[in-house]
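With chain A held as given, fit chains B, C, D, E and F onto it using these hints.
Number of protein chains: 6
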Amino acid sequence: MARRAIYPGTFDPLTNGHVDIIARGCQLFDEVIVALLVNPGKSPMFTVPERVEILNQVLTPRFPQVRIETFEGLLVDYCRQREVNAIIRGVRSFKDYEYELPMVLMNRRLNPDVETVLLVASEDNSYVSSSLIKEVFNLGGSIDGLVPDLVIERMRQKQ
Amino acid sequence: MARRAIYPGTFDPLTNGHVDIIARGCQLFDEVIVALLVNPGKSPMFTVPERVEILNQVLTPRFPQVRIETFEGLLVDYCRQREVNAIIRGVRSFKDYEYELPMVLMNRRLNPDVETVLLVASEDNSYVSSSLIKEVFNLGGSIDGLVPDLVIERMRQKQ
Amino acid sequence: MARRAIYPGTFDPLTNGHVDIIARGCQLFDEVIVALLVNPGKSPMFTVPERVEILNQVLTPRFPQVRIETFEGLLVDYCRQREVNAIIRGVRSFKDYEYELPMVLMNRRLNPDVETVLLVASEDNSYVSSSLIKEVFNLGGSIDGLVPDLVIERMRQKQ
Amino acid sequence: MARRAIYPGTFDPLTNGHVDIIARGCQLFDEVIVALLVNPGKSPMFTVPERVEILNQVLTPRFPQVRIETFEGLLVDYCRQREVNAIIRGVRSFKDYEYELPMVLMNRRLNPDVETVLLVASEDNSYVSSSLIKEVFNLGGSIDGLVPDLVIERMRQKQ
Amino acid sequence: MARRAIYPGTFDPLTNGHVDIIARGCQLFDEVIVALLVNPGKSPMFTVPERVEILNQVLTPRFPQVRIETFEGLLVDYCRQREVNAIIRGVRSFKDYEYELPMVLMNRRLNPDVETVLLVASEDNSYVSSSLIKEVFNLGGSIDGLVPDLVIERMRQKQ
Amino acid sequence: MARRAIYPGTFDPLTNGHVDIIARGCQLFDEVIVALLVNPGKSPMFTVPERVEILNQVLTPRFPQVRIETFEGLLVDYCRQREVNAIIRGVRSFKDYEYELPMVLMNRRLNPDVETVLLVASEDNSYVSSSLIKEVFNLGGSIDGLVPDLVIERMRQKQ
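Residue numbers (my numbering), protein chains in the order written: chain A, 3 to 161; chain B, 3 to 161; chain C, 3 to 161; chain D, 3 to 161; chain E, 3 to 161; chain F, 3 to 161.
Looking at chain A on its own, in the form it has when it is part of the complex (with noise of 0.2 Å):
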């Protein structure tokens, strides 16, 4: 039986935490979606298609297993539509636990044929999230091995 699994995020911008659970997940399950929630009311660094396109070059050449999509509205409806077994999630912190878990809980309830699987965070990326990324970066920090260097190069490309 091939399982698939979804990892959702607005990837703005893709970290290497991101790389590193999207590699785990990819040992675990023979699919992964890299589903890219579409949240119009935001105002993002990069657009839809910006993300998507460092998505696919940054992970299409390394996870073959690996498929990119975007999607609007509930997650676990999209899981549906996309016959997924496991939508993944990496957690480190506390904070991180705290916010998955009531999204777990009402996921569950609002589709209990998805399950939700929470992976463990690389140390070297445990405290690297795509806000403090940015607020670095603006700062004038490097944030160099913190993202792909695709990332940064786009990033520079935005100032």
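The hints are simulated quantities; they were obtained by calculation from the structure and are not laboratory data. This structure is a prediction, so every number in the text was calculated from the model and none was measured. Among the hints, erroneous ones may be present.
Since copy identity is lost for identical chains, a pair holds within one copy or between any two.
Here are the computed lysine-lysine pairs in the DSS-like style, where the Cα-Cα straight-line distance is at most 25 Å [as the list claims (entries may be wrong)]: (1) Lys-160 with Lys-136; (2) Lys-44 with Lys-136; (3) Lys-44 with Lys-160; (4) Lys-97 with Lys-160; (5) Lys-97 with Lys-136.
What follows is chains B, C, D, E and F alone, placed relative to chain A:
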């Protein structure tokens, strides 16, 4: 590719919280080894053969993918020997998460090929630990619905 | 001596988690004031009169000890004015507890005569917050069983 | 309607943190049973009669609503027998909350008629546990202001 | 060797919790730079010159080792420029610790020569944040004893 | 003014997590006393003289500011006797923080002249405790890179 996971524990006694996590694991993996840790230093309520028999009677009819085994020594060594892809652990409270986090990181260091998968226990069983079960039972409280019926029966025989 | 407690909130909307805590409060106190905080700065889903009406329709038939009131300004000042002995707050997750702790200590400093009583929410409602309810509803997810039926009806009318 | 609450503990020894919670409970309930758990397995600093005597001398002059009792077995059974409405527990740190949460849920399951009320300890006593008191005292540190004077006197007699 | 530490913040307004941490820092270091972060995006209660003046009036007479400065941009860059050995941060609640932990790790990565020192706030001030102070004050509550007297005076002038 | 700090522990065995915190302490203080707590009640892996010898061999060549000492009784009394300004403690997980917080407050009460300084352990060592090291080693797992090489050598001699 067949995916094999391991769910380690002492199961003294097996609770409905354990059964809930095993059911979730069976949705995600082709085979789930329920692995009873043989810990010579402890004085358990049930002997290892008694616990294996309870695991067999409760789990085998319900979960065809489950295999019940015993192991000694380091969990990650047993994972290597049994060609296991994933360690399943149930979490709910912060205490659980706090306990699991260093284990996940140490096991990853000892064997990077095995990924730990944290699954969130059902609300109904979130406060049920084997030790609390034993404490309540020994004080004469009802544990109906918190452990499989067979476990209650065997605990009564022990009194 | 009659004991009067207050259960403050914005109730936008009232959830079954709120109702659960109100029911527990009614077991402990002779009178429970459900006190809607009028917060002019926020843009709520329901107006204050709409929320008062929902509270009345849902709570009054079921809990004879409940009085529904609105207040502005400092909670502890309203407690003094209404001769209240206790503030009731529901907690479950660590996030809840983290949020409540400084409020308890600040309110105690501002008015040492009022004691805050933390009640643990039922497992079924532990992950249900008003904001998560609105988010799920707006994305088309089912909130049946998480809020009173009247609330679902009124939310549908708002769409 | 008279409201009766219970404050269970081992009180070995009684600390000012306990006294603080008892004082808060007396503001909320008509009667507060301070219930000493008789736990035959432990080797306490003070015997049960010694602890009852200390509780009586410290609490009775100050809190007319307090009754001092001893109990064995399951707390919720004793609550049923004594027609108690509420269990009072003091919390402050996250460790306290972590410890209380599964107890609250288990006790609720065993006896849904008794509600647990969590009261937040005063800042002055937030780090004072009976075991830390004993450890500091045994190493020669001052515990003045952390326990009632009578307790210090009796601890000195034990040395 | 002279040891120089930095205590960064927005101090809008300065609280007694801040003053407590500054006093503790002065016991540990030869010089403590109280560094006001100039954050152009925020709309503060007090302007930067007003806050500098308050810091000067409250801190200078009491702590000869304190220097009051303002900075923009990355804290660790300012540390390098000012030859600072240590960043001082006050913690008490878990929320504080959760907030500080990723900052400590990010700052260490950006500048491994500066160590962050976490000091535990006094019990009396453990729940006092600048934002809670403003909220209580705006609702008419007393903040006596939570901020220096000069701050109360200036807040009244702003009304 | 020379600043003297103390880093207390049982060091049974010394881990790279301890060494990391000692290195950070040496950046902040002129002298760091590594103070081995002599605890007669425990049955350690290494005797006190063995642990002192390991501390000497590992730390003395690398950290000229370190002095290795042993102490009995209350830490704050030893601080007074040795004219110490600061107690250094390493933290990383919430469990660490939870454990340290009451100690910090109790020690401050017992001796207000000594301030506790919490330093955040490096990511690489964040899950390494002496007891986990012993558990893994006893089950045959590799502890290379988690403790100094000398400690591995001495642990092998103990087997």
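The hints, checked one at a time:
1. Lys-160 with Lys-136: The answer is within: 12 Å in one copy meets 25 Å, while 34 Å across copies does not.
2. Lys-44 with Lys-136: both (15 Å within a copy, 17 Å between copies)
3. Lys-44 with Lys-160: Both, since 17 Å and 23 Å are each at most 25 Å.
4. Lys-97 with Lys-160: So Lys-97 and Lys-160 fail the 25 Å test inside a copy (30 Å) and across (34 Å) alike.
5. Lys-97 with Lys-136: both (19 Å within a copy, 22 Å between copies)
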